[in-house]
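Q: Please take these sequences and the hints and turn them into a complete structure.
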Amino acid sequence: MLHISPEEIAETLLMVQQQHLDIRTVTLGVSIADCGADSADEMARRLYDKVATAAERLVPVCEAIEREYGIPIRNKRIAVSPVAEAAGRCACEDLTAVAIAMDRAAETAGVDFIGGFTALVQKGVGAGDDALIRSIPAALASTARVCSSVNVASTRAGINMDAVARMAHTIKETAALTAEADSIGCAKLVVFCNMVEDNPFMAGAMHGPGEADAAVNVGISGPGVVRAVIAAMPDDADLTAVAEAVKATSFKITRAGELVAREAARRLGVSMGIVDLSLAPTPAEGDSVADILEAMGVERCGAPGTTTALALLNDAVKKGGAMGTSSIGGLSGAFIPVSEDAGMVRAVECGALNLEKLEAMTAVCSVGLDMIAVPGDTPAETLAGIISDACAIGVINSKTTAARLIPAVGKQAGDHVSWGGLLGAAPVMTVSEWSSARFVRRGGRMPAPLGSLRN
Amino acid sequence: MKTRAVLSVLGADRVGIVAAISAALAESSVNIEDIRQSIISGIFSMTMLVTVDEEACPFEEVQSRLADVAETIGQQITLQREDVFRFMHRV
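Taken in order, these protein sequences are the chains called A and B. Take the first sequence: its letter number 447 is residue 434 in this note's numbering, and every next letter is one higher. Numbers given in this note's numbering equal positions in the second sequence, counted from 1, plus 118.
If you are wondering where the hints come from, they were derived from the structure by calculation, not from laboratory data. Don't be surprised by glycine CBs; every beta carbon is placed ideally from N, CA and C. Be aware that a few hints might be false.
Have a look at the derived ranges for each label pair, beta carbon to beta carbon [claimed, not checked]:
| id | chain 1 | residue 1 | chain 2 | residue 2 | range |
| --- | --- | --- | --- | --- | --- |
| 1 | A | A219 | B | V209 | 20 to 28 Å |
| 2 | B | L128 | A | E50 | 22 to 30 Å |
| 3 | B | R154 | A | A271 | 50 to 58 Å |
| 4 | A | R254 | B | D171 | 16 to 24 Å |
| 5 | B | E151 | A | A51 | 22 to 30 Å |
| 6 | B | C175 | A | L1 | 43 to 51 Å |
A: The structure is reproduced here in structure tokens:
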């Protein structure tokens, strides 16, 4: 008996073939806690062997699932546990060799990105953390697939302003070392507040210390399907109806994610981690979060009402997704990167969207100041100020926030940078001319807020 | 291993669509459990629930044979495991 109606089958086919229903990423998390060694070279050898072996079947398994279920899996990726933790054992200052081993392991496995060149320094910087942060510019300049992330703040710890300032300088150094490629190194480096341990999305993917030896984490379909559903609604449908439509769609795409997560975990013989409900755009036309907000009715993303539209979208996606899986995790909030979203790029180019509006939007969705190109001569203290503002929103609201800023060397506001592929291209945005230097140079730690005292 | 799957066919109506597809399925030891078919303004639409006997003919091989049929008769044919529909439309 056919338990599913032909209409439901037709709807699913339409979602795949015309509205880009897919699985955004299947990310295999691998613990490298046992790869620590006395030297960076030995750690690199151990890491390569462990990761290349663990991820050997990732791509073939995902390809088989794609074929059998008829749903494309756009990205297959690897996340390792924080390199800084495993590196605590080796008394070395340069972990570039470890990054190169990660890059090779990713290449061997056939994946485009590997995350986990990571340190957690919201309260303080350990020896491994210090070596890792010191190594970031060279590591990102000498690899193509490695992504780096550093957590500098949390609701429980407050903001480590010394670490924020250090990361601002690290971003500038990374930009300088990759200047000939529009400072692409910074596109693979993200600074977090309240970083999560099971994020399957780059550049912030890592396999947290609280995870099993290996786990599969899945990111649900991109924004295309949701946009198509809203675009098909009458102009006078009220916001309750819009939220309802988003919720119903989110349920379906989350179910597809749940199915793929279970199946990939089973076939790979590892535990199923989480399903991440984030809507992650790509530079492809129609695959845009900005387009969803504009389909709701704001003339251009950034117009007054944009934050409300984004809040509605973000909340409705979660409500639908919550019925679709019992394993919600990762970031689970819409992404609003600039260069990776054609609609955001358009909105910046026509002057509708600026850095300050993106900061406001950060408060109601997932990581907000993402893939933003700024003038190459932006002072490190200004970058630190922007990062700490994003962190403050995260700390106070008990949510993840992040900044992925690219001070493109030699570029001014209004110029263009292009990194190609999924990283996209973007106009260089205007940054406030007012100085943050005296504030940032105070250093120290912004104490954890009262709201963090929950026990 | 027996795998339940949904086969969907879409295209301009013509002679021999059902014949060509069911012949390919029979040759691949695929059993047809249920068929729904309709023609809406000249567009042929058919949905079949089938069981693939993966020992007799692997899923991928059935898909590849159906892809050949799709090309010959000018129809769009999709074979997907049934769970995906069950998952997406039922709690």
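Q: If you test the structure against every hint from before, which numbers come out violated?
A: Checked against the structure, the hints that fail are numbers 3 and 6, while the rest are satisfied.
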